[in-house]
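A.B. asks: Okay, here's what each chain looks like letter by letter:
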Amino acid sequence: MTKSWLVIRSQKSLFSIRLDRRVPWVMLTLAIAIAVVMILSIGYGEYPISPLDVVKTLLGIDTGTADHAFVIYVLRLPRAITALLVGTGLAVSGAILQGLTRNPLAAPEIIGVNAGASLVAVAMIVLLPSFPLVALPVAAFTGALVAALLIYLLAWDNGSAPIRLILVGVGVDALAGAFTSLMITFGNIYDVSQALVWLTGSVYGRNWEHIQALLPWLLVFLPLSFLLSRDLNTLALGDDIAKGLGSKVEWQRGWLLLTSVALAGATVATAGTIGFVGLMAPHLSRQLVGASHEGLLPVAALVGGLIVVLADLLGRSLFAPIELPCGVITAAVGAPYFLYLLYSNRNA
Amino acid sequence: MKHAATKPSPPSAPPSAHSAHVNLLRLIGLGIGILLLFGCLIASLLLGAADLDPRTIWQALFAFDGSTEHLIITTVRLPRSLIALTVGAALAVAGAITQGLTRNPLAAPDIVGINAGAALAVVGATFLFGSASSHTYVWFAFLGGTLAAIAVYVLGSIGRSGLTPLKLILAGAALTYLLSSLTTGMLILSQRTLDEIRFWLAGSVAGRDFATFTSVLPYMGIGLLVALILSRQITMLTLGDDVAKGLGLRTAWVKATATVVVILLAGSSVALAGPIGFVGLVVPHLVRFFAGVDYRWLLPYAAIAGGTLLLLADIGARIIIKPQELPVGIMTAIVGAPFFIYLAKQKVKR
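Protein chains in written order, with my numbering: chain S, 52 to 399; chain A, 7 to 356.
Pulled out of the complex, with its shape left as it was, chain A reads as follows:
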């Protein structure tokens, strides 16, 4: 598996004048990315069914007076925008790690079935115990995601050829099909569950309040933090097991931790916003163009780009058929699926 690397810089290379130059450029790129992200965040607060002006946002945040506009911002727009941002970042980082772990450019949490597993577990929990709080939601999402990850890994890696891209994707597709048909079955058995969960199931960041957001945030924070700490080790893994072992890496331990990180990130995203597809697939490929193959750069870039992308998708979902809105998961799939096809064509030559 070859990544389209512009400047492959080994993680432990001694700093030279050239790599210092590249690193400076990357740092500037990161700064521009953060500015873009911030701009999208502001736009996300401004645009929607009711267009507001920037001054109102400032006042709502720092001089809240309880008017309708201020309420819209603090209770609807702000949680929504923050959720889009963090979910996008989490999914993109999870996708980047999955691609590195499996050394497969087509892998992402949604494609290998982790999102479907988390979704099934959440729907199952709602079905069995009624509408639980988001604190319990998230644990079910983790459980479901973990089981799906184990299943797809075992199924994809059986046989002499090991974990080939095709087998992983096929096992993921079949697993997703199975899990989502079980989800459908449960929804048909219980009209009440269907009502509560339908919009969520298409992938949406709308209609969530701050309490939901803050209850899931710690898990995402831990996931992102551990991902950044592990970034050097993950880069070594992408060189192949033998090389990584030769460099003194305890591969089994790193793989296990990285998998836990993926499940934390993907599971909490699903608990917050439902199964949003293709962000985890597309973003790592986009940022690899700027950030190269070193995960110490790739992961921060992916987080920022993922947040920006999902914010943009959510703005689009709001204004395309104004005053109605689309689930953002549909937007990302319409953009992401053609990209998947393109990748399949490019990377699978045989």
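Chain S with its partners taken away, still in its complex shape:
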């Protein structure tokens, strides 16, 4: 297969990027799809608003109904934006992890990084009810980082074999889950019910404050991950070749791991454990634009955003008026997908 690349190069500065030719079109299509689903999602609910009115309100045109602005700006838009951002973060985090471990089955939710983040966040919610919302991502990030380091160290045995990494991750996941249940049994019932809604992975009731807490993390670490994407390509060739090409393997791995963990921690702090997005999005994106990470990461970000926004819409509409957290929807779709991946990697 002949690959046709799209090369963007600046003559003056030291900037050049090489993308798969499909990337711009795929990204444009995805962006349009996200916009459509978000408009539908904002319009859907107990108080339905037609898509046209949604667009008008968002553009600042008066629709003649005073309620529209309130419902959209205060209730539904923050929720939809949270879903988008969370999906973006999870997807990029998963893509980095898969590239790093050279293992298509690695994802922050399988190997216990998300569980570590949820444990610390639940502990904060239950033990320190006055804990400020803005600091929750920091706490969750700490939990995710500790879990990641623990897994890495425990799986270390003259090198970190991917199999041991995943098995140890499953164990750490179970352990963190047990302590989370412990918190839930301990705590005051009001805090616990809050923690429970949050734990199942939901964007229910998220407001601008949550977005303010999450956004700085994405603004720092998403661009960082795009900058590091080229290192992922060299690392994917294997440690020896990467070293031969002049890569500082351990440094790059450290930075990438930090980025992945930061993204996972911050998103988990915002919306709980929305499972399997970090697993599915990179795979779907790889099918769309190939495995080169410069194009893969942005596309995965959009795919992840689309998945979570769509899952949230489905969760609200499938059994209306009861709503399912979008984490349940993504797991119901994602776990079979994981099994399918297991099947396609059966001879690996």
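Read the hints as simulated data drawn from the structure, not as lab findings.
Using N, Cα and C, we set each Cβ at its ideal position, and we do this for glycine too.
No false leads were mixed into what you were given.
Just the calculated beta-carbon pair ranges, DEER-fashion:
| id | chain 1 | residue 1 | chain 2 | residue 2 | range |
| --- | --- | --- | --- | --- | --- |
| 1 | S | Leu109 | A | Gln352 | 55 to 65 angstroms |
| 2 | S | Tyr394 | A | Leu234 | 32 to 42 angstroms |
| 3 | S | Leu178 | A | Ala56 | 21 to 31 angstroms |
| 4 | S | Ala86 | A | Leu292 | 56 to 66 angstroms |
| 5 | S | Tyr391 | A | Leu292 | 35 to 45 angstroms |
Here are the simulated lysine-lysine pairs, DSBU-like style, with alpha carbons at most 30 angstroms apart:
| id | chain 1 | residue 1 | chain 2 | residue 2 |
| --- | --- | --- | --- | --- |
| 6 | A | Lys261 | A | Lys351 |
| 7 | A | Lys261 | A | Lys251 |
| 8 | S | Lys294 | A | Lys351 |
| 9 | A | Lys351 | S | Lys299 |
With the hints as your guide, set chain A onto chain S.
C.D. replies: Then chain A, alone, in the frame of chain S:
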């Protein structure tokens, strides 16, 4: 897969002076185990939110007078302790058989998703039909466990390399994730189901009466009995399919029966006490140190040690944050998960 065997004695070895000596030691060990189990049972009756003295227990059992202490013992402590004992034994035996069948030291009914399947089926039944009696509970648990076992086996063994430990564990982890997210979904759809089932779902032996216990007991009894009868054949299976066939074993038949036993034991445990994790994983490894690799010894040892372990875990769950209590499943996970990590590190070298 190598088991840490101290004295590998083939099941059909002729009795020699040496193996007679080892067998005597094992018999003594079994006796000590039974004494320990009995001691834990007594402790489990004595300790809790209200501490009682041994004389009261004796009187409650044999000269019941209807006082509060006596009622606590006969209606709360005794069923609870017996349930902990039998569930622990059943889970440990199921775990030992699963490890033998799959020749995988990391396997156990909870890790490969059988417990999650049974739990989903029970929650689904409660969701659809309201709170059913434990007689029907247990059948749903069997159904769910069977489906999960089939699914994980099929998914884990596809491909050229067959049933590798990694694939089995990964398929189990994903299946557990899927099933428990469906369970969560159902619980969110129905507040009533959530209320009835929340404590059970974390794995707990509390709040069950004698009727529940006796309705499930026959299935467990049959499971344990068949397991003991099959123990010789299972030992042969652990030598590998080819060797077992060479020894004249009808492997397909033994495997099918053993799987049914695992589902009986795991399913009835889940119906009684919810999905309690890691007992089935940890206990067989612990007792292999004393009992060797012969399942004729391993299974009785596992049953006794499993019962003791769960009794101890339940006592711990009661007294650690007295007067509140923890679901015992949390206790076993906190002890068991590090053990799983240790095993993963030790046994998976590549």
